[in-house]
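For chain G, the structure is supplied; the task is to place chain D on it using the hints.
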Amino acid sequence: MTGNLVEVRGLQVDFLTAKGLFTAVKGVDFDIGHGEVMGLAGESGSGKSTIAFSLMRLHRPPALISKGSIIIDGEDVLAMPMHKLTKWRWSKVSMVFQSAMNSLNPVLTVFEQFRDVIVRHTGGTRDQARARAEELLELVGIPVHRLDDYPHQLSGGMRQRIVLAMSLALDPKLIVMDEPTTALDVVVQREILQEIMALKQRFGFSILFITHDLALMGQFADRIAVMLEGSLVEVAPAAEIVSNPQHAYTRRLWSSMPILSRSRVA
Amino acid sequence: MTDIQDAPDLLQLDGVTKIFHLRPMFGRAREVAALRDVNLTIKAGRALAIVGESGSGKSTLGRAVIRLFQLSGGAVRFKGRDIATFHTRQEKLAYLRSVQMVFQDPFAALNPAHTIRHHLQRPLQLHRGLSGEALDKAVRQVLADVEMDAEICIDKYPHELSGGQRQRINLARAIAVGAELVVADEPTSMLDVSIRRSVLDLMRRMKNERAISFLYITHDIATAQYLADDVAIMFGGRVVEWGPPLAIIENPQHPYTRLLLDAVPDPSIRLCGQDGKAFAARADAVREATRGELLDAVEVSPGHFVRQNI
Numbered sequence: 004m005t006g007n008l009v010e011v012r013g014l015q016v017d018f019l020t021a022k023g024l025f026t027a028v029k030g031v032d033f034d035i036g037h038g039e040v041m042g043l044a045g046e047s048g049s050g051k052s053t054i055a056f057s058l059m060r061l062h063r064p065p066a067l068i069s070k071g072s073i074i075i076d077g078e079d080v081l082a083m084p085m086h087k088l089t090k091w092r093w094s095k096v097s098m099v100f101q102s103a104m105n106s107l108n109p110v111l112t113v114f115e116q117f118r119d120v121i122v123r124h125t126g127g128t129r130d131q132a133r134a135r136a137e138e139l140l141e142l143v144g145i146p147v148h149r150l151d152d153y154p155h156q157l158s159g160g161m162r163q164r165i166v167l168a169m170s171l172a173l174d175p176k177l178i179v180m181d182e183p184t185t186a187l188d189v190v191v192q193r194e195i196l197q198e199i200m201a202l203k204q205r206f207g208f209s210i211l212f213i214t215h216d217l218a219l220m221g222q223f224a225d226r227i228a229v230m231l232e233g234s235l236v237e238v239a240p241a242a243e244i245v246s247n248p249q250h251a252y253t254r255r256l257w258s259s260m261p262i263l264s265r266s267r268v269a
Numbered sequence: 038m039t040d041i042q043d044a045p046d047l048l049q050l051d052g053v054t055k056i057f058h059l060r061p062m063f064g065r066a067r068e069v070a071a072l073r074d075v076n077l078t079i080k081a082g083r084a085l086a087i088v089g090e091s092g093s094g095k096s097t098l099g100r101a102v103i104r105l106f107q108l109s110g111g112a113v114r115f116k117g118r119d120i121a122t123f124h125t126r127q128e129k130l131a132y133l134r135s136v137q138m139v140f141q142d143p144f145a146a147l148n149p150a151h152t153i154r155h156h157l158q159r160p161l162q163l164h165r166g167l168s169g170e171a172l173d174k175a176v177r178q179v180l181a182d183v184e185m186d187a188e189i190c191i192d193k194y195p196h197e198l199s200g201g202q203r204q205r206i207n208l209a210r211a212i213a214v215g216a217e218l219v220v221a222d223e224p225t226s227m228l229d230v231s232i233r234r235s236v237l238d239l240m241r242r243m244k245n246e247r248a249i250s251f252l253y254i255t256h257d258i259a260t261a262q263y264l265a266d267d268v269a270i271m272f273g274g275r276v277v278e279w280g281p282p283l284a285i286i287e288n289p290q291h292p293y294t295r296l297l298l299d300a301v302p303d304p305s306i307r308l309c310g311q312d313g314k315a316f317a318a319r320a321d322a323v324r325e326a327t328r329g330e331l332l333d334a335v336e337v338s339p340g341h342f343v344r345q346n347i
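If you read the protein sequences in the order shown, they are chains G and D. What the first sequence shows, in this note's numbering, is residues 4 to 269, in sequence order. What the second sequence shows, in this note's numbering, is residues 38 to 347, in sequence order.
Heads up, some of the hints might be wrong.
[Unchecked claim] With a Cα cut of at most 30 angstroms, we get these calculated BS3-like pairs of lysine-lysine:
{"id": "1", "chain 1": "G", "residue 1": "90", "chain 2": "G", "residue 2": "176"}
{"id": "2", "chain 1": "D", "residue 1": "193", "chain 2": "G", "residue 2": "22"}
{"id": "3", "chain 1": "G", "residue 1": "176", "chain 2": "G", "residue 2": "87"}
{"id": "4", "chain 1": "G", "residue 1": "95", "chain 2": "G", "residue 2": "203"}
{"id": "5", "chain 1": "D", "residue 1": "244", "chain 2": "D", "residue 2": "129"}
{"id": "6", "chain 1": "G", "residue 1": "95", "chain 2": "G", "residue 2": "29"}
{"id": "7", "chain 1": "G", "residue 1": "176", "chain 2": "D", "residue 2": "314"}
{"id": "8", "chain 1": "G", "residue 1": "95", "chain 2": "D", "residue 2": "314"}
{"id": "9", "chain 1": "D", "residue 1": "314", "chain 2": "G", "residue 2": "203"}
[Stated by the list, open to error] Stretch-level coverage of chain D by chain G, calculated; a stretch enters the list once three of its residues show a Cβ under 8 angstroms from a Cβ in chain G:
{"id": "10", "segment": "221–231"}
{"id": "11", "segment": "260–274"}
{"id": "12", "segment": "286–298"}
[Claimed, not checked] Among chain D residues calculated to face chain G with C-beta under 8 angstroms, some are:
{"id": "13", "residue": "90"}
{"id": "14", "residue": "103"}
{"id": "15", "residue": "256"}
{"id": "16", "residue": "302"}
{"id": "17", "residue": "304"}
{"id": "18", "residue": "308"}
{"id": "19", "residue": "314"}
{"id": "20", "residue": "316"}
{"id": "21", "residue": "320"}
{"id": "22", "residue": "340"}
{"id": "23", "residue": "344"}
{"id": "24", "residue": "346"}
{"id": "25", "residue": "347"}
FYI, nobody ran anything at the bench for these hints, they're computed from the structure. Cβ atoms here follow ideal geometry from the backbone N, Cα and C, with glycine treated the same way.
Just chain G, same shape as in the assembly:
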């Protein structure tokens, strides 16, 4: 495979507010290669989630994309007609949101939510959806009988795994992960990240990984883009951002969180 999976050029996203136009994303360029993990870091309000939503055209008014282009797997996302877009979402690009509790419907069983995704996109039968859902649950290491549970019967880590399994349902080429592990404790966070890495190796999708935890990003991403007030201030391989950050803001972001100091040799 040659070229990049995602090519974003001059992306500008504006919000129409009572006080006039607010530009949340100010002309951003970036690429994501095939099978690459791209990290997007920055503080709250820097526009990283806005970028994530824009990639799938999930942004809603008052947000609007005013400039730029988004090409994913050779297709111009911004030019796609609505009926094509609905098919395209989830089958090419899927998303894992920060709060798994909020992205699962509390009054439907887990299986009903899998069925919704699978039947709507593939037009298969309920039994086919069941088989696929069981296969996906096994991938993320959850007993198959939990499919008939409601979201509140599952722990936070399990819910996040289910949302992850759901995002894999249609073999997407890109998964956008918006702070997928922020609400979890470190042990569960590691369990899920290891699982994502193993799945990535097996299926070869790319990931746009959004978090404010630079240490975590350094472990996980291939390249990291640091965002400040709607612009990318630094884009570099993860090792560079970790060992030799160039931009003053990147250095400030590093120093803003205490890092565990171990004098022992790991």
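Leaving out everything else, chain D in the frame of chain G:
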């Protein structure tokens, strides 16, 4: 459990046990042991961090300390006196004044209908009986103590402040009444990463300059190391390992502590997809083993104790 032996004990937890009886609308009633035989000490002017996963009982411990419920067993002693024996209004008020809580969610802890001035006047009126000019002066003083500009924020409402500023107001309330111990339940976990450290720094200064003790509840062992003089690792309602932060981080004894430390993001170790299930399998094994009975505490190095699995 500290290296400074001369500081007096401020708070002692003595065999603290709490069992919740759950009677759900559907299904059978059952018991959950949220705390099982917890023994810890906080010395005056020091910070003890409680580190554990969700559901390990660390928040229950904080709530037990501020007397939000009755214990099922054991005692919490404040300056040597069992807090369950505080019966008169005066005794209860004095205890509530000395021990203040700061909650995880800075957005929910302040009343959206009142200004910052009101939030800080109330504790000063109720606990210190101030009024008039003295009250106004005291409000400005506590705002200055938490590095907030009184001119700008005193007449603002909570929604006009950022999460970090709101958490400062919550800490200001604790300072206002002259708290000796602050129970801080994940005070930074809902804050943006760029301001986390400044709130931790404020807590550290409160500890160092005013000798306010902290019971700092967190799941992030890195911030525990940053703030605390002692760390206690909790799992399943019990403390499995406790001692000075560096001793625990350099020489973790309990398998759960090791698991926790290995899971802390470390940018120098790259994750690879080879052993996707291996870490999860190890985590499950450790959790399963730690649920059983524990051995008695053993001192590994001075002040560093561990209760191993059987």
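Evaluated hints:
1. G/90 to G/176: Within the cut-off at roughly 14 angstroms; holds.
2. D/193 to G/22: holds (20 angstroms)
3. G/176 to G/87: holds (17 angstroms)
4. G/95 to G/203: Roughly 15 angstroms between the alpha carbons, so the hint for residue 95 of chain G and residue 203 of chain G holds.
5. D/244 to D/129: holds (24 angstroms)
6. G/95 to G/29: holds (26 angstroms)
7. G/176 to D/314: holds (23 angstroms)
8. G/95 to D/314: holds (26 angstroms)
9. D/314 to G/203: holds (13 angstroms)
10. 221–231: holds (count 3)
11. 260–274: holds (count 3)
12. 286–298: holds (count 6)
13. 90: Where the cut-off is 8 angstroms and the nearest Cβ of chain G is about 4 angstroms from residue 90 of chain D, the hint holds.
14. 103: violated (23 angstroms)
15. 256: Holds - the Cβ of residue 256 of chain D comes within 8 angstroms of chain G, reaching about 4 angstroms at its closest.
16. 302: holds (4 angstroms)
17. 304: holds (3 angstroms)
18. 308: holds (5 angstroms)
19. 314: holds (6 angstroms)
20. 316: This interface hint holds because 5 angstroms falls under the 8 angstroms limit.
21. 320: holds (5 angstroms)
22. 340: With a minimum Cβ separation of about 18 angstroms from chain G (threshold 8 angstroms), the hint on residue 340 of chain D is violated.
23. 344: The hint is violated - residue 344 of chain D has no Cβ within 8 angstroms of chain G, the shortest such distance being about 19 angstroms.
24. 346: Violated: closest Cβ of chain G sits about 16 angstroms from residue 346 of chain D, beyond 8 angstroms.
25. 347: violated (22 angstroms)
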